[in-house]
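A.B. asks: The lines below spell out each chain.
Number of protein chains: 2
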Amino acid sequence: MSEQDALVVFTPSGRRGRFPVGTPLLQAARALGVDIDSVCGGRGLCGRCQVTVCEGEFSKHGISSRADSLSPVAENEQAYIRRRGELKPGRRLSCSSQLQGNCVIDVPPESQVHRQIVRKRAEVFDIELDPMIRLYYVEVQQPDMHLPTSDLRRLKEALDFEWRLENLWSDIRVVQEIQAALRTGDWKVTAAIYDDQRIIAVWPGFQSRIYGMAVDVGSTTIAAHLCNLQSGEVVASAGRMNPQIRYGEDLMSRVSYVMMNPGGNEDMTREVRQAINDLALDLATEAGIALTEIIEATFVGNPIMHHLLLGVNPIELGGAPFALATGDSVSGLQATELDLFIHPNARVYVLPCIAGHVGADTAAIILSETPYLTEELTLLVDVGTNAEIVLGNRERVLACSSPTGPAFEGAQISCGQRAANGAIERVRIDPDTLEPRFKVIGSDLWSNEPGFDAVVQKTGVTGICGSGIIEVMAELYLAGIITQDGIIDGSLAARSERIVADGRTWSYVLDQSDDRTLSITQNDVRAIQLAKAALYAGIRLLMDKLGVDSVERIGLAGAFGSHIDVKYAMVLGMIPDCPLENVKSVGNAASTGARIALLNKKARLEIEDQVQQVEKIETAVEPRFQEHFINAMAIPHKTDGFPHLRGRFTLPEPRFIERDDGSEGGGRRRRRRRRVA
Amino acid sequence: MSEQDALVVFTPSGRRGRFPVGTPLLQAARALGVDIDSVCGGRGLCGRCQVTVCEGEFSKHGISSRADSLSPVAENEQAYIRRRGELKPGRRLSCSSQLQGNCVIDVPPESQVHRQIVRKRAEVFDIELDPMIRLYYVEVQQPDMHLPTSDLRRLKEALDFEWRLENLWSDIRVVQEIQAALRTGDWKVTAAIYDDQRIIAVWPGFQSRIYGMAVDVGSTTIAAHLCNLQSGEVVASAGRMNPQIRYGEDLMSRVSYVMMNPGGNEDMTREVRQAINDLALDLATEAGIALTEIIEATFVGNPIMHHLLLGVNPIELGGAPFALATGDSVSGLQATELDLFIHPNARVYVLPCIAGHVGADTAAIILSETPYLTEELTLLVDVGTNAEIVLGNRERVLACSSPTGPAFEGAQISCGQRAANGAIERVRIDPDTLEPRFKVIGSDLWSNEPGFDAVVQKTGVTGICGSGIIEVMAELYLAGIITQDGIIDGSLAARSERIVADGRTWSYVLDQSDDRTLSITQNDVRAIQLAKAALYAGIRLLMDKLGVDSVERIGLAGAFGSHIDVKYAMVLGMIPDCPLENVKSVGNAASTGARIALLNKKARLEIEDQVQQVEKIETAVEPRFQEHFINAMAIPHKTDGFPHLRGRFTLPEPRFIERDDGSEGGGRRRRRRRRVA
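Just so you know, the protein sequences line up as chains A and B, in that order.
Quick note, the first sequence lines up with residues 1 to 677 if you use the UniProt record's numbering.
Quick note, the second sequence lines up with residues 1 to 677 if you use the UniProt record's numbering.
No lab work stands behind these hints: they were computed from the structure.
The C-beta atom is built at its ideal place from N, Cα and C for all residues, glycine as well.
A hint or two may mislead.
Pulled a few chain A residues facing chain B out of the computed Cβ check, cut under 10 Å [what the hints assert, rightly or not]:
1) Q142
2) E157
3) F161
4) W163
5) R164
6) L165
7) I172
8) L182
9) T184
10) G288
11) N313
12) I315
13) E316
14) L333
15) Q334
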């Protein structure tokens, strides 16, 4: 190092050093350990090593930095520009620029190997891009009769020499294709390397892009995101119905199908795999890429979807003791082993399951929301036919599943329906007049606003979707129409025509037209009470285990969590008391977890490790579950105080009404209560 | 350890120790590091841990050993005997016998884990049984709702607890089958573990046998042996024609077929794999086992067969620089990846190739014959369409291939044919009368013995096979009918009617009937000269590289080597001079090498390592090859002295005859030689 050497400072890392004039900038960066990406190994092909020369006086560094501190634009930079278009102003390819004098060089985020994929929500960590499969461009020695090594051996030698990738294995399909690739590419090829260990694909010449898909296999829908594994960006998203629905709407009816139809699991396995193939094609089409450019896929799903995807008969999950065939992650599986037709050597990673009722989707939510890294006691709830519940912080994390049944999704509700245009999703009830107003999906107008009828003319008002059911129940309670015990108060029929007799119970008429009536019946209320009591009891059980009476943060996952108004969920007592501003939808966190595992290989080890440490609680064998369940039947709760909620809402005072429908809800015990508070 | 303890001495290892009375013998053996096999983990199921109590006074050990030094025959030994029949006299199951007093216990070879498979030939090492895939019997914990681990996890825990197998991975098909296996087997299963790392199969209950097949894929025939992986014995052998023959008899014509018919390699790949499937069925049928009990297969073959088996287009092997796609061993491949239908999770191992002309079959010969372990300079020759040549000892090993062409196999010879009933395989010619006698395959009589005509009536005398060609050429030379230069001496027509004019050259009539004449023509002699000159020149080239003029041991591999009379091969100058008693057939050493790799996993590493170290010589680029070739055209050789041979045979004095067939053999140079010595 001499005074003749040029001083270079890289930002944002601040790493600095002196190098002889003429040193390629990329080489200087590597010598200093500066994180700059490169696929082509410094040949000016990939354009990933772009940097910006900072121009001006940098007194902090004692450097006057100018554009001509680097060598003039070189031939291969010009060639790159001819192929790919102009670089951004001030940008150079660091592999093709030599140091001419002192300079300050900025490495933009997109040129860093381990760049961050920024997530929208503030409370979660960004994803660090560090994919399992990476591309490496090499020039391979031609064969020589004097030195008869194989083409594969020479490829391995080149990968070792240029990229320090040692002791590589290779897929048999790489062996089958390597000779054509080398000769077509004139001895220049791009290799895809799995985990720095295994050559899984070889393309002639320079291949700049590979993609991965992150798939959330739900019982109702299958959602998938296609990501560029070089940039981390989502380039396409798609969803499809799970075709297994024709074997049963919910999970247990699918397991029953297998019990009644031996071999039926194979049909369901075939159908879900076909749907994933269709989804892959949707994604590739949307992104304008070939299916064979998708070289990896990650999967999450509940245990039954997980087993059916893997070709495992889910029958053991249909009854106690709910034994998983495997809960371990499935790593490095060939996509062809699951009959997936993307790149023929594509790999599959399936996240670990937690227990027989708590699947890889919940593991993915944990990976996305990282309760194990937080100080705050965090509750994560994924509501579906079953609710998966996670509670914990950096000290301990617990998980369980609770059998809510499908009421929250609109099933078992007389006028319930899927979320679709025409479905009621928002409801308000005037506590004085007991008159309702509502919004339907597809319209921004309330039902009492001018123009509403015109807007909904096309779809009609067809039913109530999940979030609408939560709201109508909570509003009925807040308006005093249903009591804390969930009884529709028939005495109010005198005040409002909307309270109508329905056999020995009462109903509330939400909307009426010539050809149909949308009512909330006593049975509907009861169904929601049972579902929310099961959910709350599961949560309460985990709180017991931790010895806490409140939680600090609540995340609601899934489509349901995205549409629900959290305050109504709390009014209804679905979730425990908590400062309302700390209750948020976490979106499709399962899908996000699948995407994190796709983009970051260390995240796979992290979630595998966390899943081992999660304490699994089986609600069915917990003696206190029943007690919690009974207390949680009340709205919002029989015994828990909900101080934060009461700070925001005036909840009706408890009243007790004799119930006349002896058939449900433990009527006898209630009949003794005659007091109306 | 107290004087109350029992003293036990195990033979043949001599290991000894004291253990409390009541200690199970197997446990004592393990504590002392005595090599005793067990699959069932000491449950009296597998019967592999049998030992013999030695009865009598053993003054050497200071022990009086009696049958009642062990506990009486236990219930599970009786159960074993009921299932499997009586034990040999004095035998006990060591897992079920407890020490009662001092004793001497003999561990028979078949009870040792690393037992030796004895080979017939004295000069080679026995095979140590140490297969890649082993069986382990375990009892697995039942699932428990309080501890919701998966079935796979509990299987792994049992394998860890009982067998110290840690960090196991498993195939996806194991995941698919594990639940049924555990429940059918009442939580007792046998697992097949690959390389102590991966669970590849699970059977309900106790499974005692698994098999492997060792396959030599030759261009003409495919030979396979089925071995019991627990005992090492060959339980069935079978061979089939390579169906690729219809695309071309020899290797180069198959490569030409691919050149002319793009995609033709895929047809050949499909056909060879189908033939291997057929062979597997032949083997399983012969051994009375299910195809699914075959859980591993090892393969050897020349580079073109190797590539076609693996699904690699062999076209690059058809021309310089003869680049292999891969020469590395192929390890842990799933049999299904080669469309082989044995056990669905069966694994495949393909031995490494040495160079573009020197394949995995030659590697297998090296593994079988271990020249790299010998002091003696060893020459190994495998004669086929090409000859593969290996020369070396523990210092250095060299290998090359030489283009002999198919003359030695009877092709290009006017009356040549495959070895089959009716083919002449032995020939003698009386040097005085010039009359021949011969033997044909299928008869033990010489043609001049009484009864010969009757015996061969059915097949006729149809042609000459490879070994017969070598003999007739050598005998023609020894009888003085052909000269050192390979000219049939027409002047002898005066002495024998068997020398007949054939255009401008002469032929020797070996046998004549009404409808056909079997003659050796001048062209036949020339074809053999070219072939043997190529072989010898290749050998000589390797000798040059080592700076030697003779070799100490010669092994002739393959079917040709088994039938040839080595002294005639030396008379003809196919092989260099060597003490005749050190020239032997090594049988199908390629097949043996495949079997060694099947039975011993360390042998795989050994041959992979050796192949790296073998010096590959490419005859086509060696300047001296041509010179060696020309000198080797003479019989036995133009310049090399063959002292050992001359010590056993009186070779004719060199004579020179003007040749009249200017069309062949460098006639002009020869015409100058007029001297008859």
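A.B. asks: Of the numbered hints stated earlier in the document, which are not met by this structure?
C.D. replies: 2, 3, 4, 5, 6, 9 and 10
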